[in-house]
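Protein chains: 2
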Amino acid sequence: MQSAKYSQLPTFTQKEVPKDAAIASHQLMIRAGFIRKSASGLYSYLPFGYDVYRKIENIIRDIMNEFGGIEVHLPLLTNREYWDASGRWQRMGKEMMRMTDRHNVEYALSPTHEEAMVALASGFLKSYRQLPVNLYQIGEKFRDEIRPRYGLIRCREFVMKDAYSFHINNESLDVTYSDMRKAYRKIFDTIGIETIPVQADSGSMGGSGSEEFMVASEIGEETLLICKDKNCGYSSNQEKTEYISPYNPQTSNPDINPPEKVHTPDQKTIEEVANFLKKDKKDFIKSVILENEELIVVAFIPGDRELNEIKISNYTGANELLPATAEAIRIITGAEPGYAGPYQLPVKNGQKIRIPLADGRETEKTVFLAYDRNLRGRSGLVGGGNDTGYHYIHLSQERDFVMENVYDLVLAKEGDICPSCGKSLLWETKGIEVGHIFKLGDKYTRSMEVTVLNENGKPIYPVMGCYGIGLGRTIATFIEQNHDDKGIIWTPRLSPFYFYYVAIFKDAEEKAAMDAFYDEVCITGKSVYYDDRKETPGVKFNDADLVGFPYQIIIGKNYLSSGTIELKERATMKKVSVEKGAFLSACREDSIPSLFMD
Amino acid sequence: MQSAKYSQLPTFTQKEVPKDAAIASHQLMIRAGFIRKSASGLYSYLPFGYDVYRKIENIIRDIMNEFGGIEVHLPLLTNREYWDASGRWQRMGKEMMRMTDRHNVEYALSPTHEEAMVALASGFLKSYRQLPVNLYQIGEKFRDEIRPRYGLIRCREFVMKDAYSFHINNESLDVTYSDMRKAYRKIFDTIGIETIPVQADSGSMGGSGSEEFMVASEIGEETLLICKDKNCGYSSNQEKTEYISPYNPQTSNPDINPPEKVHTPDQKTIEEVANFLKKDKKDFIKSVILENEELIVVAFIPGDRELNEIKISNYTGANELLPATAEAIRIITGAEPGYAGPYQLPVKNGQKIRIPLADGRETEKTVFLAYDRNLRGRSGLVGGGNDTGYHYIHLSQERDFVMENVYDLVLAKEGDICPSCGKSLLWETKGIEVGHIFKLGDKYTRSMEVTVLNENGKPIYPVMGCYGIGLGRTIATFIEQNHDDKGIIWTPRLSPFYFYYVAIFKDAEEKAAMDAFYDEVCITGKSVYYDDRKETPGVKFNDADLVGFPYQIIIGKNYLSSGTIELKERATMKKVSVEKGAFLSACREDSIPSLFMD
Numbered sequence: 007m008q009s010a011k012y013s014q015l016p017t018f019t020q021k022e023v024p025k026d027a028a029i030a031s032h033q034l035m036i037r038a039g040f041i042r043k044s045a046s047g048l049y050s051y052l053p054f055g056y057d058v059y060r061k062i063e064n065i066i067r068d069i070m071n072e073f074g075g076i077e078v079h080l081p082l083l084t085n086r087e088y089w090d091a092s093g094r095w096q097r098m099g100k101e102m103m104r105m106t107d108r109h110n111v112e113y114a115l116s117p118t119h120e121e122a123m124v125a126l127a128s129g130f131l132k133s134y135r136q137l138p139v140n141l142y143q144i145g146e147k148f149r150d151e152i153r154p155r156y157g158l159i160r161c162r163e164f165v166m167k168d169a170y171s172f173h174i175n176n177e178s179l180d181v182t183y184s185d186m187r188k189a190y191r192k193i194f195d196t197i198g199i200e201t202i203p204v205q206a207d208s209g210s211m212g213g214s215g216s217e218e219f220m221v222a223s224e225i226g227e228e229t230l231l232i233c234k235d236k237n238c239g240y241s242s243n244q245e246k247t248e249y250i251s252p253y254n255p256q257t258s259n260p261d262i263n264p265p266e267k268v269h270t271p272d273q274k275t276i277e278e279v280a281n282f283l284k285k286d287k288k289d290f291i292k293s294v295i296l297e298n299e300e301l302i303v304v305a306f307i308p309g310d311r312e313l314n315e316i317k318i319s320n321y322t323g324a325n326e327l328l329p330a331t332a333e334a335i336r337i338i339t340g341a342e343p344g345y346a347g348p349y350q351l352p353v354k355n356g357q358k359i360r361i362p363l364a365d366g367r368e369t370e371k372t373v374f375l376a377y378d379r380n381l382r383g384r385s386g387l388v389g390g391g392n393d394t395g396y397h398y399i400h401l402s403q404e405r406d407f408v409m410e411n412v413y414d415l416v417l418a419k420e421g422d423i424c425p426s427c428g429k430s431l432l433w434e435t436k437g438i439e440v441g442h443i444f445k446l447g448d449k450y451t452r453s454m455e456v457t458v459l460n461e462n463g464k465p466i467y468p469v470m471g472c473y474g475i476g477l478g479r480t481i482a483t484f485i486e487q488n489h490d491d492k493g494i495i496w497t498p499r500l501s502p503f504y505f506y507y508v509a510i511f512k513d514a515e516e517k518a519a520m521d522a523f524y525d526e527v528c529i530t531g532k533s534v535y536y537d538d539r540k541e542t543p544g545v546k547f548n549d550a551d552l553v554g555f556p557y558q559i560i561i562g563k564n565y566l567s568s569g570t571i572e573l574k575e576r577a578t579m580k581k582v583s584v585e586k587g588a589f590l591s592a593c594r595e596d597s598i599p600s601l602f603m604d
Numbered sequence: 007m008q009s010a011k012y013s014q015l016p017t018f019t020q021k022e023v024p025k026d027a028a029i030a031s032h033q034l035m036i037r038a039g040f041i042r043k044s045a046s047g048l049y050s051y052l053p054f055g056y057d058v059y060r061k062i063e064n065i066i067r068d069i070m071n072e073f074g075g076i077e078v079h080l081p082l083l084t085n086r087e088y089w090d091a092s093g094r095w096q097r098m099g100k101e102m103m104r105m106t107d108r109h110n111v112e113y114a115l116s117p118t119h120e121e122a123m124v125a126l127a128s129g130f131l132k133s134y135r136q137l138p139v140n141l142y143q144i145g146e147k148f149r150d151e152i153r154p155r156y157g158l159i160r161c162r163e164f165v166m167k168d169a170y171s172f173h174i175n176n177e178s179l180d181v182t183y184s185d186m187r188k189a190y191r192k193i194f195d196t197i198g199i200e201t202i203p204v205q206a207d208s209g210s211m212g213g214s215g216s217e218e219f220m221v222a223s224e225i226g227e228e229t230l231l232i233c234k235d236k237n238c239g240y241s242s243n244q245e246k247t248e249y250i251s252p253y254n255p256q257t258s259n260p261d262i263n264p265p266e267k268v269h270t271p272d273q274k275t276i277e278e279v280a281n282f283l284k285k286d287k288k289d290f291i292k293s294v295i296l297e298n299e300e301l302i303v304v305a306f307i308p309g310d311r312e313l314n315e316i317k318i319s320n321y322t323g324a325n326e327l328l329p330a331t332a333e334a335i336r337i338i339t340g341a342e343p344g345y346a347g348p349y350q351l352p353v354k355n356g357q358k359i360r361i362p363l364a365d366g367r368e369t370e371k372t373v374f375l376a377y378d379r380n381l382r383g384r385s386g387l388v389g390g391g392n393d394t395g396y397h398y399i400h401l402s403q404e405r406d407f408v409m410e411n412v413y414d415l416v417l418a419k420e421g422d423i424c425p426s427c428g429k430s431l432l433w434e435t436k437g438i439e440v441g442h443i444f445k446l447g448d449k450y451t452r453s454m455e456v457t458v459l460n461e462n463g464k465p466i467y468p469v470m471g472c473y474g475i476g477l478g479r480t481i482a483t484f485i486e487q488n489h490d491d492k493g494i495i496w497t498p499r500l501s502p503f504y505f506y507y508v509a510i511f512k513d514a515e516e517k518a519a520m521d522a523f524y525d526e527v528c529i530t531g532k533s534v535y536y537d538d539r540k541e542t543p544g545v546k547f548n549d550a551d552l553v554g555f556p557y558q559i560i561i562g563k564n565y566l567s568s569g570t571i572e573l574k575e576r577a578t579m580k581k582v583s584v585e586k587g588a589f590l591s592a593c594r595e596d597s598i599p600s601l602f603m604d
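The listed protein sequences correspond, in order, to chains V and P. Each residue of the first sequence is one higher than the one before, counting from 7 in my numbering. Each residue of the second sequence is one higher than the one before, counting from 7 in my numbering.
It should be emphasised that the hints constitute simulated quantities derived from the structure, not laboratory data. From a predicted model like this one, the values you see are computed outputs, not experimental measurements. Check the hints yourself; a few may be wrong.
[Claimed, not checked] Think about it this way: if two alpha-carbon atoms lie no more than 30 Å apart in a straight line, the pair counts; the simulated DSBU-like pairs of lysine-lysine are:
{"no.": "1", "chain 1": "V", "residue 1": "K61", "chain 2": "P", "residue 2": "K11"}
{"no.": "2", "chain 1": "P", "residue 1": "K517", "chain 2": "V", "residue 2": "K11"}
{"no.": "3", "chain 1": "V", "residue 1": "K188", "chain 2": "P", "residue 2": "K11"}
{"no.": "4", "chain 1": "V", "residue 1": "K61", "chain 2": "P", "residue 2": "K188"}
{"no.": "5", "chain 1": "P", "residue 1": "K61", "chain 2": "V", "residue 2": "K532"}
{"no.": "6", "chain 1": "P", "residue 1": "K100", "chain 2": "V", "residue 2": "K43"}
{"no.": "7", "chain 1": "V", "residue 1": "K132", "chain 2": "P", "residue 2": "K540"}
{"no.": "8", "chain 1": "P", "residue 1": "K61", "chain 2": "V", "residue 2": "K61"}
{"no.": "9", "chain 1": "P", "residue 1": "K188", "chain 2": "V", "residue 2": "K449"}
{"no.": "10", "chain 1": "P", "residue 1": "K25", "chain 2": "V", "residue 2": "K192"}
{"no.": "11", "chain 1": "V", "residue 1": "K132", "chain 2": "P", "residue 2": "K517"}
{"no.": "12", "chain 1": "P", "residue 1": "K21", "chain 2": "V", "residue 2": "K464"}
{"no.": "13", "chain 1": "V", "residue 1": "K132", "chain 2": "P", "residue 2": "K512"}
{"no.": "14", "chain 1": "V", "residue 1": "K11", "chain 2": "P", "residue 2": "K100"}
{"no.": "15", "chain 1": "P", "residue 1": "K147", "chain 2": "V", "residue 2": "K61"}
{"no.": "16", "chain 1": "P", "residue 1": "K580", "chain 2": "P", "residue 2": "K512"}
{"no.": "17", "chain 1": "V", "residue 1": "K147", "chain 2": "P", "residue 2": "K43"}
{"no.": "18", "chain 1": "V", "residue 1": "K132", "chain 2": "P", "residue 2": "K25"}
{"no.": "19", "chain 1": "P", "residue 1": "K61", "chain 2": "V", "residue 2": "K147"}
{"no.": "20", "chain 1": "P", "residue 1": "K11", "chain 2": "V", "residue 2": "K192"}
{"no.": "21", "chain 1": "V", "residue 1": "K132", "chain 2": "P", "residue 2": "K492"}
{"no.": "22", "chain 1": "V", "residue 1": "K11", "chain 2": "P", "residue 2": "K132"}
{"no.": "23", "chain 1": "P", "residue 1": "K147", "chain 2": "V", "residue 2": "K100"}
{"no.": "24", "chain 1": "P", "residue 1": "K147", "chain 2": "V", "residue 2": "K43"}
{"no.": "25", "chain 1": "P", "residue 1": "K43", "chain 2": "V", "residue 2": "K100"}
{"no.": "26", "chain 1": "V", "residue 1": "K132", "chain 2": "P", "residue 2": "K21"}
{"no.": "27", "chain 1": "P", "residue 1": "K192", "chain 2": "V", "residue 2": "K11"}
{"no.": "28", "chain 1": "P", "residue 1": "K100", "chain 2": "V", "residue 2": "K100"}
{"no.": "29", "chain 1": "P", "residue 1": "K132", "chain 2": "V", "residue 2": "K517"}
{"no.": "30", "chain 1": "P", "residue 1": "K464", "chain 2": "V", "residue 2": "K43"}
Make the full structure from the sequences, and use the hints.
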């Protein structure tokens, strides 16, 4: 910002920490007067906050342009017809805010702009000659989060940079995707936050590949798994991580006993049955039964692991699989919940099942049996008996049950083998997503029937990539990584001002000299914020540390006598005494940090 | 923008003029690929359009900062509770878009931010010492216009710069208001559009004064009245213009006949009755009867004029006065519609009237009688007889009817006497509002109960000003003022590029030389757009004129032989032949216009 005095530009700092502010960035942004809450998940930017926001916006814009992005700006309201075409009007559920206009036309308050951007591009993209093209915008998004929290980290209205690239083929997409990976690294480096790029699930966006830029944080809602071997470099969102089992099929010494039905009265959980039978959980087959309006999914996985629900959703193409009702489980297994198993399961994969509804009618669902790949070839297994109070022991996969749909179904976790190097183990950390890049394929161009002519004059669906960065989150995570118990610690690149100026004077003569010195600093080109309030020095020092500009000028009793000022570096809290002329030279030469070197 | 080639940054021009584009700016912005429609009243900015938008945004930001504005950014969703406090949740009607979140909380998609800004300010404004403060933002607004049209001039989602100032008293407000007038003049001068500042009605915003910045345009929806004497300088929105009657009370030769009831069968309009009675319309008393849910308003005005409905709404404090029903008119006058008059009207000012509703119930309304000030003291008047088929002649105001509520009620028009100089006449033009400044008084701080302590420690309601500029409208009106039949004519200040570069080559050698020259121009610091499509020169010349960058470089057969290029000035369509070295010097010295001087 341009140099200013408190009397021209107040700080809006406050002492109270809002009750709902559980994390440092949220507390500090409120206390330091950078943002203010207006309603659940809705925040205003105050002057300092908006200045930081604009600096980040400009960094992102410049680097997007450098990497070939072309800036546009789409309306925030998007027609329902676009969302109907892609099927997301329903699928987005309650997270998508909607409104109806005076003519009863429905619109989304866009949570994202894939459909709108495809509709826009369809107006001018006609030929392969126009591709690739990467259109981006920086603007508001709306998501009706169930639990907005952590200030700018999870709010309901927020600014994103969202880019959408269009390509004639996957090779061209790969090039732009790779450019965007580089652009994102450069953006986060320039801003000064450390991110971990991780492989991620493409989720409801569709498509074939995606990578998240995560900031490690205790309050992160995502779990990351990272290879302990830095040379390997593998890092992945837990949802996406492939599970590598340490247990191989017992080919050398298989259990050749026939299946034996054993009575396991009142033993329902694997824990209970394992204790009762004195078997190891890893030799159990865990059955997880889920359903939605069309499907009943039975997933069989190793008994010592958890099901990765994202993976099963992706394999089945189903959204919102919920735990099956006891009623549905009884129909599927012929037994009470807790006794499902792959051996002699009464239903087959693909079978249609009729399930009674509460109102007396029936609904039809299709059975989908899914097997984790780590069960293949194993013997000596224990599974549910499909009979209340019974289990089978001595199960052998190859002999006793066919695995029709075989997948990687296990939720990986800390301590598992790295799926990339196959040697080191994974460690776990929590993370906040600040950026996300996706390969979308032709999901949106195909569903919205947008084609371009290829080199042979034949219409094809262009493939797309999309690339997002949350600006508010980026600010918040920067503060998570750059603060102490006194306040925020800004870098010169992002700070609203370079200097915080505190003058301690006894009389009008001293004040006049210090006001004059402020003017001298202003014209060096460094921006200065002069706290000219009638407050005690203590109040000003505290606010200076809280708002966290990189350097503080403290000008007091030595100024008139010796011509020296005190300079404090916010990051280190180091103070040095500097002669006025040397200080002004350092301002002009942009060498203030050197004044703190020993 | 940074210099670019078509192959990096396409133009998105199109030949077709959209059917709904009735005006030049709308047609040209679509044809030149600056904007594209996504739905009724919703437009996307394409790359060139967004670049112009950002230039205007930055001009506004810089000048707002120069005049003491402090930038913030508020959520677009604003809580219903704010709007309930000011009473505008109801009053805004269908023009305000609304949405309900997953917890059934209601929000407006803000059409304006007075309430939200007062709520924000209430969090930190505590003392007179913090005032004045002028907070502004640049962001989206939403208005559900009944008839969105004219492209960016009347759309439903649009960007505004909106500023809100807070003051301890009206003197302080006057200072900031006057600063904002200056800032607005500077903003529009810098952008390069001619505006007419006019006195305006404060309308539903409340408050005591306002001024609109209008762009004269045939398609303007506002009517302006301007004094023909430029030295007088008066200009006003018709809604606001004071009416000065040329007819004085006939004090020297009054009509002293007593009122006489005359039969005027089937003569209902003043035109008809005037012809029938052979009287002048100006001597009639026109009665206009309006109502809303609380009031029945009878306005008496000179028979040759129209009622100014904005004025009567302001005087009564009523919103949405509609023509009264025949039923209501019968109850008020005892006669069929067409025979109302001030003499022997059966109802009194302030009387409560019961009016039957369609469902058989009754509603009570209050009678409000309003008299135009120009009726005062006049005699020889004709008025309705409050009896079907009858009028009175020889009415004398002082003798025959009391004027309880006397106002200026007449809609002024072209040819009226200027209310400022009282000598010259007014002329009329249509205009588009691009900016508006208001004195709001304490309407919002009072209704939302926000106080600050004054110098005596006493809580007072700060008074406010608000100041808006529509950014999209500003772009559109610039184009209305700066185009010809070929396309847009940008100034260097707003143009996406300085040069449009067209190379006409025969072979690879010529092309290589022309590509190299493009690179040379780029490094002079002037931005160049190189149309490197495989299209005919004719197509490129047309597009160059259409997108309208200030200068075109046409480089062709003379380049290799003589080292000259052709330069065309878009505004004048003048062409000059320039030697390469001289041209590059002129680029570096920013003296291209001088090449076109004779």
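**Restraint check for P/K580 with P/K512, where alpha carbons must lie at most 30 Å apart** = OK: P/K580 and P/K512 at ~26 Å, within 30 Å.
**Asked** Is it true that the CA of V/K61 sits at most 30 Å from the CA of P/K188?
**Response** holds (28 Å)
**Request:** For the pair we were handed, P/K132 and V/K517, check the Cα-Cα distance against 30 Å.
**Result:** holds (26 Å)
**Request:** For the pair we were handed, P/K21 and V/K464, check the Cα-Cα distance against 30 Å.
**Result:** holds (24 Å)
**Message:** Checking one constraint from the list: CA of P/K147 to CA of V/K43, max 30 Å. Satisfied?
**Reply:** Satisfied, since the Cα-Cα distance of roughly 20 Å is no more than 30 Å.
**Message:** Check the hint pairing P/K464 with V/K43 against an upper bound of 30 Å on the C-alpha distance.
**Reply:** holds (28 Å)
**Asked** For the pair supplied as a hint, V/K61 and P/K11, is the alpha-carbon distance within the 30 Å limit?
**Response** With Cα atoms ~28 Å apart, V/K61 and P/K11 stay inside 30 Å; holds.
**Prompt:** Do the alpha carbons of V/K132 and P/K25 lie within 30 Å of each other, as the hint requires?
**Reply:** Cα-Cα ~22 Å, so holds.
**Item:** Given pair status - V/K11, P/K192, alpha carbons within 30 Å
**Value:** holds (25 Å)
**Message:** For V/K188 and P/K11, compute the direct alpha-carbon distance and say whether it is at most 30 Å.
**Reply:** Judged against 30 Å, a Cα distance of about 23 Å means the pair holds.
**Message:** What's the verdict on P/K147 and V/K100, does the C-alpha distance respect the 30 Å limit or exceed it?
**Reply:** holds (24 Å)
**Asked** Is V/K132 within 30 Å of P/K517, Cα to Cα?
**Response** holds (26 Å)
In summary, the structure is inconsistent with hints 2, 9, 10, 14 from the numbered list given earlier, while agreeing with the others.
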